[in-house]
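Starting from the known structure of chain A, arrange chain B on it as the hints suggest.
Protein chains in written order, with our numbering: chain A, 1 to 253; chain B, 1001 to 1301.
Just so you know, the hints here were simulated from the structure itself, not pulled from any lab data.
Mixed in with the good hints there might be a few duds.
Said to hold, decoys possible - Derived CB-CB ranges, DEER-like:
id : chain 1 : residue 1 : chain 2 : residue 2 : range
1  : B       : N1294     : A       : G35       : 58 to 66 Å
2  : A       : I108      : B       : Q1107     : 46 to 54 Å
3  : B       : D1290     : A       : F244      : 55 to 63 Å
4  : B       : A1135     : A       : F244      : 19 to 27 Å
5  : B       : P1164     : A       : I108      : 38 to 46 Å
6  : B       : D1059     : A       : L68       : 28 to 36 Å
7  : B       : P1101     : A       : A229      : 26 to 34 Å
To be verified - One side of the interface only, derived from the structure: several residues of chain A facing chain B at Cβ under 10 Å:
id : residue
8  : D6
9  : S8
10 : P12
11 : Q67
12 : Q128
13 : T133
14 : I207
15 : L211
16 : L215
17 : D224
18 : A229
19 : W233
20 : T236
Predicted model only: the values in this text are computed from it and were never measured.
All C-beta atoms in this analysis are idealised placements derived from N, C-alpha and C, irrespective of residue type, glycine included.
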Amino acid sequence: MIDGLDISILGPAFFAGLLVLASHVPLGQEVLKRGIIFIDLAIAQIAGFGVILATRLGFESHGWEVQLIAISSALLGAFGLSLLDKYKPQIQEALIGVSFILAATGSILLLANNPHGGEQLKELMVGQILWVTWAELIPLTAITGFILLMWFVFKLNQRMGFYLLFALAVTSSVQLIGVYLVFASLIIPALGSRNYVVKKSLVIAYIIGALGYGLGLLASSILDLPSGALIVWMITCIALLSGFFSTKEQHTT
Amino acid sequence: MLNKYFKRSIVLFLSLLFLSNPLYAGLKVFACEPEWASLANELGGEHLDIYTATTNQQDPHHIQARPSLVAKARQADLLVCTGAELEVGWLPLLLRKSGNPNIQAGQVGYFIATDHVSLLDQPVALDRSLGDVHAAGNPHVHLDPVRLQKIANKLSHTLTKLDPANSSDYEKKLELFTQNWQSMILQWTELTQPLKGKPIVVHHKNWIYLQQWLGLNQVAVLEPKPGIPPTSSHLSSLILGLEKSPAQVIVYANYQNNKAASWLSKKTGIPTLELAFSPAKDETLTHWFDQLLNQLLTLQE
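Same shape as in the complex, but just chain A:
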């Protein structure tokens, strides 16, 4: 028997992956359409920057306060990015990149005298999917439900709505599964499914993501390798395969 191939170890991680995919796949397709790939890095970094700034200003923050500060800063950042979208659409992607490095280096400057915040920043940015417990999935389920409701039922996918929902989604997911997996969940399924018609592409993207998480977790148990990194590679392999098949389909249909 292989150590770690255990549903109670892999179960919460897989379920967390499915929840993240549920909200990130449609958002990712939008991100791809708008051509603003690095927005997730920027938002996550701005959330971290907000937390550090709050600590610097003297808030001894723990638990839900940190979350509140992180989400508020992410929403504020998202609001700013949506303004860029409105007034500087030609250079928006470049400005998103700039806001990412400004938030990242701003954190370093703020931390120069307070390296303890560095641990907080790290916690915010590098969640590890394997540490996820069932209890942590409750708030994530609520947030995911809210985002899906707003997105698909209330069609809140116009400019401002998109940015705010995006900020909410990324801030909650990055802490659980880390920046790499969030980036992968957003972009890769959307890439792998972009050649399909709209309705079908969403289903295909979900399948790519779910297979990637499932196989990635299994492989990480069997090979005893870090789970997050292996899932990223699995999602990519499966997206490549699906892209391979999709070109065929396009020719036949």
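Coordinates of chain B only, in the frame set by chain A:
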């Protein structure tokens, strides 16, 4: 008929296989760092089944989550870790995720080495501006052989508590270890006399126990705040200070990047020395520490 015997023998074989596991597996030990795996091995030997979470090439502050890590923590009867916030980034999460009641804080199976010795570098007032300081004190106690002996005594005691059936054997093993370790301490003390008072530069403040034990004189720290790049004023004062009173060597741990150390070495002409911060896999504590001291001694020539 033959078939029946065949089936029976298979059932017997399988049941033996399952039975044999709990009978011969012994105590399952989860060691956070290789030095504790090594120590547990000397004190428990064949009675223990030891898993090490990190290698000596890794910074024990940060490790990546692998499924096997949770599985091993779940099966463990005994957890042996450094503590003093060294593993604070991952051990609490791992313990929670493991759901193993034997190794939770407060249980006999939760052995934290730094709980059993006095710690250096305890901040008088917890000043956040001092860098990534550990509130509990400096955790790297395994670099002091005297403290290590104290930890060995306690760990052996814990083994006896968890597995009283083999207590006399644990006692014997501790005695053997103590004899050997004490005679090595005498040897090392004599051997390292010339190192006393020698000025050194360290990359991080993680050698403090070794410095104190050997009487080395730490004249500068390259990166006083781990994780935060040194400021230019710190570096220039460092170089200025080293010009006035030069050090013999710049010491850094094998899991650390040597960039900063090499930079300073080029600027000042002081040689760098990479030391193994922990024993390698299957290396004994004696062998590791002996090598480390010999590396330091070669600088004399």
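Tested hints:
1. Between N1294/B and G35/A the beta carbon distance is about 60 Å. The supplied range of 58 to 66 Å therefore holds.
2. Take I108/A and Q1107/B: their Cβ atoms lie about 40 Å apart, and the range 46 to 54 Å is violated.
3. At roughly 57 Å, the beta-carbon separation of D1290/B and F244/A lies within the given 55 to 63 Å, and the hint holds.
4. In this structure the supplied range 19 to 27 Å is violated for A1135/B paired with F244/A, their Cβ-Cβ distance being about 54 Å.
5. The hint said 38 to 46 Å for the Cβ distance between P1164/B and I108/A, and at roughly 54 Å that hint is violated.
6. D1059/B and L68/A have their C-beta atoms about 32 Å apart, which keeps the hinted 28 to 36 Å range intact.
7. For P1101/B paired with A229/A, a C-beta distance near 31 Å keeps the hint of 26 to 34 Å intact.
8. The beta carbon of D6/A is positioned within 10 Å of a beta carbon in chain B (closest approach about 6 Å), and the interface hint is therefore held.
9. Because the beta carbon of S8/A sits about 8 Å from the nearest beta carbon in chain B, less than 10 Å, this interface hint is met.
10. At about 8 Å, the closest approach between the beta carbon of P12/A and any beta carbon in chain B falls short of 10 Å, and the interface hint on this residue holds.
11. The closest approach between the C-beta of Q67/A and any C-beta of chain B is roughly 17 Å, which is over the 10 Å cut-off, so the hint fails.
12. Nearest Cβ of chain B to the Cβ of Q128/A: about 4 Å, under the 10 Å cut. The hint holds.
13. Taking 10 Å as the C-beta contact cut-off toward chain B, the hint placing T133/A at the interface holds, the least distance being around 6 Å.
14. Interface hint status for I207/A: violated, as the beta-carbon distance to the closest one in chain B is roughly 23 Å, over 10 Å.
15. Restraint check, L211/A versus chain B: the minimum CB separation of about 18 Å is more than 10 Å; hint violated.
16. With 10 Å as the threshold, the beta carbon of L215/A stays out of range of chain B, its nearest partner Cβ sitting at about 13 Å, so the hint is violated.
17. For D224/A, the interface hint holds, since its Cβ comes within 10 Å of a Cβ in chain B; the closest pair sits about 5 Å apart.
18. For A229/A, the interface hint holds, the least distance from its beta-carbon to any beta-carbon of chain B being 7 Å, beneath 10 Å.
19. Interface restraint check for W233/A: the shortest CB-CB distance to chain B comes to about 14 Å, outside 10 Å, so the restraint is violated.
20. At about 19 Å, the closest approach between the beta carbon of T236/A and any beta carbon in chain B exceeds 10 Å, and the interface hint on this residue is violated.
Hint violations for this structure: numbers 2, 4, 5, 11, 14, 15, 16, 19, 20, all remaining hints satisfied.
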